[in-house]
Amino acid sequence: MAAPETSTAAVPTLYTNNTLRNAFGGVLSFFILLLIGVMAFSIRLFSVIKYESVIHEFDPYFNYRVTQFLAKNGIYEFWNWFDDRTWYPLGRVIGGTVYPGLTLTAGTIWWLLNSLNIPLSVETVCVFTAPIFSAFASWATYLLTKEVKGTGAGLTAAALLAMVPSYISRSVAGSYDNEAVAIFALIFTFYLYIKTLNTGSLFYATLNSIAYFYMVCSWGGYTFIINLIPMHVLLCIVTGRFSSRLYIAYAPLVVLGTLLAALVPVVGFNAVMTSEHFASFLVFIIIHVVAFVYYIKGILSPKMFKVAVTLVVSVGLAVCCAVIAVLIALVASSPTKGWSGRSLSLLDPTYASKYIPIIASVSEHQPPTWPSYFMDINVLAFLVPAGIIACFLPLSDASSFVVLYIATSVYFSGVMVRLMLVLAPAACITSGIALSQAFDVFTGSIKFQLTGASSNTEVDAAETSSSTAESQTDAVKTEKPEETAKNRPSRKSKKKEREHGEKPSTEAKAEKKRLLALPLESSVHCVWAAAEAYSAPSIVLTSRSHDGLHVFDDFREAYAWLRHNTDVDDKVASWWDYGYQTTAMANRTVIVDNNTWNNTHIATVGTAMSSPERAAWEIFHSLDVKYVLVVFGGLVGYPSDDINKFLWMVRIGGGVFPHIKEPDYLVSSLC
Amino acid sequence: MGRTSSTKEDAGALFHSLRSAYAATPVNLKIIDLYVGFAIFTALIQVVYMAMVGSFPFNSFLSGVLSCVGTAVLAGKSNFLSPLFAKDLPPERAFADFVLCNLVLHLVIMNFLG
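Line order of the protein sequences matches chains A and B. Numbering-wise, numbering that gives the first Met the number 0 puts 160 at position 161 of the first sequence, and it's gapless, one number per residue. Numbering-wise, numbering that gives the first Met the number 0 puts 42 at position 43 of the second sequence, and it's gapless, one number per residue.
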């Protein structure tokens, strides 16, 4: 089987020298990862190239303003900042209501670069934070999938995550929002959890808690982690996979994680008091009970153990029922059963439309349509089931976690379009596993054909190098199997193939080519989606007409007008969509903004917008408003202006002030 | 009647066998058990104190209780799981990890204590 040293090629006997082969594979993986990082960064730069380096949308402007404040005044002022230029006359405690992860990250990068004498402005750092962290996220995906299934799957999953449109949509250059760093934190936390599960080392458990802390700092979606991990622990216990590694992976995370989560001001005592965290405490108790049971089982004889079981069951059941009754009474006494409004709307998709019209009115909170799945995760949509099956052969702790992750994220993505973002890493991991396994099967059969062939070391070298690569981004490598097919002198007997259970070699190559076509076409789609669909900064609009390209910079011109032609202390009233942009770009005090924490205040503005002029003037006068900002898109056909949003103003206003009734504003069908 | 006396006998035999099995564990692990018991006892005292005095300031209470629970978890794991311990980590590495985790835990607690 060993190939002798008769090669004239530059590559020595790779096939027999395992360490050299591993080293070569390692270097190749490193360069592939580097390329993946570069691709993840550059695919998100379309908006910078097509428009300019500008912050997009609405929420990023708030984050940008906070980062500016942090850069100018330092961290202590940031923690203690009370903002009196929004929600007039109430103000907003910024330090206690913002998730600081994103702003602190960008602020740290800015400070670091400036202290190294690289004078980037705060805006540049903010614009490019998201692409940088998406490169980190794809590397984290590589690490996570490597823990589950090996290096090949890792590289595939990383390449897929770098390109998947759903993630691109929330992390283009300029989309300076929480998800930009939160997805990286999510994947990295899951990677460290799986690593702790696989190695049983407290070191990784500590790192896991710290990564979880970073996730809590970054995004409200951290509740997904603190509910998914207990679910997985429960699954492992129920399927008989309890081990000391599971305990080490979970128990320190709960204690340290709860403490660290309580450190973040915006979470605070919610970390122990809201229902979102109760699952972790419940499973904490359960895992201790299970560990105790295993301990007792280990030191007692089987007969004694049975006695112990009967005793404990009879006594313990009574105690348990009492405790559970108390708990249920406590939880049921609060009207929302302890859950926050947003979490409830995830669990019961109809909740928001019945009780909280503001949450229902946000377009990102609507359920997605079927086409959006194919738009956002493209070919992964049908690779995911294959990946789930691949996770079951064989089933390990890590692969059961991946299955649970994809199942829950598919459900939640079905509730809210915005959560397709959480589905994207899971889909990439499972698809990476599926593709890598399929490639393994086909490459195995090709390789097996060639071991029986004549001692052509060039062929072997080319074959092993292509099997260690396992990457679709490098098309050159896949041409080598075709060359080896031509070089192959004779066909091996089918007997050995059937032992291996593989297909004949030409079929395998054809399958491989077909499989390769999938991600190649998908990458074409991803680049198109990134360039055309997800790169609009929404603050600058363009349109093409017969006389060329028109650029509408109306938003920024309006804010600039406000900035130059009004007093610094003038109050501007508008619908809450434009609040962040007004404070950031026009630097004027606004009445309501995108934070939407005070429904009554928003309803007041909504009532003013829906009332006749005299009544509206009264309301605005009571709020000291001097200017009212209204967006009208009728001249150019801009579809999402205030006229489009008008009925929501009516509904939200009518939710608090009963004299605003929606039927009054609709044309009756009779006239 | 016969059933209750037999369950009593069974319970007695059970405690006896538990006690004898536990006495067979090495002294090191019993000392760690004592430490874990002490940590949990301290946590219970804090809970009782909070029930008497009221929960302000809540953050100090939380950090105190969780520090006790945390040290209990970290120390107790090696004893607790002795039947199933995967001995694939060298003990020096395990101890270094334990020290690191305790360090981070107490750093966070100091910060949260207020």
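Treat the hints as calculated values from the structure; they're not laboratory data. Because the structure is a prediction, the values reported are computed rather than measured. Glycine residues also receive a C-beta, built at the ideal position from the N, C-alpha and C atoms. Each hint should be verified, as a subset may be incorrect.
[Said to hold, decoys possible] The list that follows gives simulated cross-link-like pairs (lysine to aspartate or glutamate, DMTMM-like), each with its CA atoms no further than 20 Å apart: (1) A:K302 with B:E8; (2) A:K570 with A:D82; (3) A:K305 with B:E8; (4) A:K296 with B:D32; (5) A:K570 with A:D83.
[Claimed, not checked] In silico negatives: residues of chain B with every beta carbon more than 12 Å from chain A: (6) L17; (7) V26; (8) V47.
[To be verified] What follows is a set of in silico ranges between Cβ atoms, one per label pair, in the way DEER data are often shown: (9) A:K296 with B:L102: 51 to 61 Å; (10) B:L102 with A:T368: 34 to 44 Å; (11) B:Y34 with A:K296: 18 to 28 Å; (12) B:V52 with A:I117: 50 to 60 Å; (13) B:L102 with A:I284: 52 to 62 Å; (14) A:T565 with B:S54: 45 to 55 Å; (15) B:V52 with A:N564: 55 to 65 Å; (16) B:Y34 with A:T599: 47 to 57 Å; (17) A:T238 with B:A22: 53 to 63 Å; (18) A:H287 with B:S54: 16 to 26 Å; (19) A:P301 with B:L102: 37 to 47 Å.
So, going through the hints one by one against the coordinates:
1. A:K302 with B:E8: Between K302 (chain A) and E8 (chain B) the Cα gap is close to 14 Å, so the pair holds against 20 Å.
2. A:K570 with A:D82: Holds: K570 (chain A) and D82 (chain A) sit about 14 Å apart, inside 20 Å.
3. A:K305 with B:E8: Since the Cα atoms of K305 (chain A) and E8 (chain B) sit roughly 14 Å apart, the hinted pair holds (cutoff 20 Å).
4. A:K296 with B:D32: With Cα atoms ~18 Å apart, K296 (chain A) and D32 (chain B) stay inside 20 Å; holds.
5. A:K570 with A:D83: This hinted pair holds, its Cα atoms lying about 11 Å apart.
6. L17: Label violated. Min Cβ-Cβ 7 Å, cutoff 12 Å.
7. V26: Holds, because the least Cβ-Cβ distance between V26 (chain B) and chain A comes to about 16 Å, which exceeds 12 Å.
8. V47: For V47 (chain B), whose nearest Cβ neighbour in chain A is about 17 Å away, the distance exceeds 12 Å, so it holds.
9. A:K296 with B:L102: 51 to 61 Å: 34 Å, violated
10. B:L102 with A:T368: 34 to 44 Å: Distance hint for L102 (chain B), T368 (chain A) is violated at roughly 50 Å.
11. B:Y34 with A:K296: 18 to 28 Å: 24 Å, holds
12. B:V52 with A:I117: 50 to 60 Å: With Cβ atoms ~54 Å apart, the hint holds.
13. B:L102 with A:I284: 52 to 62 Å: 26 Å, violated
14. A:T565 with B:S54: 45 to 55 Å: 48 Å, holds
15. B:V52 with A:N564: 55 to 65 Å: 59 Å, holds
16. B:Y34 with A:T599: 47 to 57 Å: The hint (47 to 57 Å, Cβ to Cβ) holds, given that Y34 (chain B) and T599 (chain A) are roughly 54 Å apart.
17. A:T238 with B:A22: 53 to 63 Å: With Cβ atoms ~35 Å apart, the hint is violated.
18. A:H287 with B:S54: 16 to 26 Å: Since H287 (chain A) and S54 (chain B) have Cβ atoms about 24 Å apart, the given range 16 to 26 Å holds.
19. A:P301 with B:L102: 37 to 47 Å: 42 Å, holds
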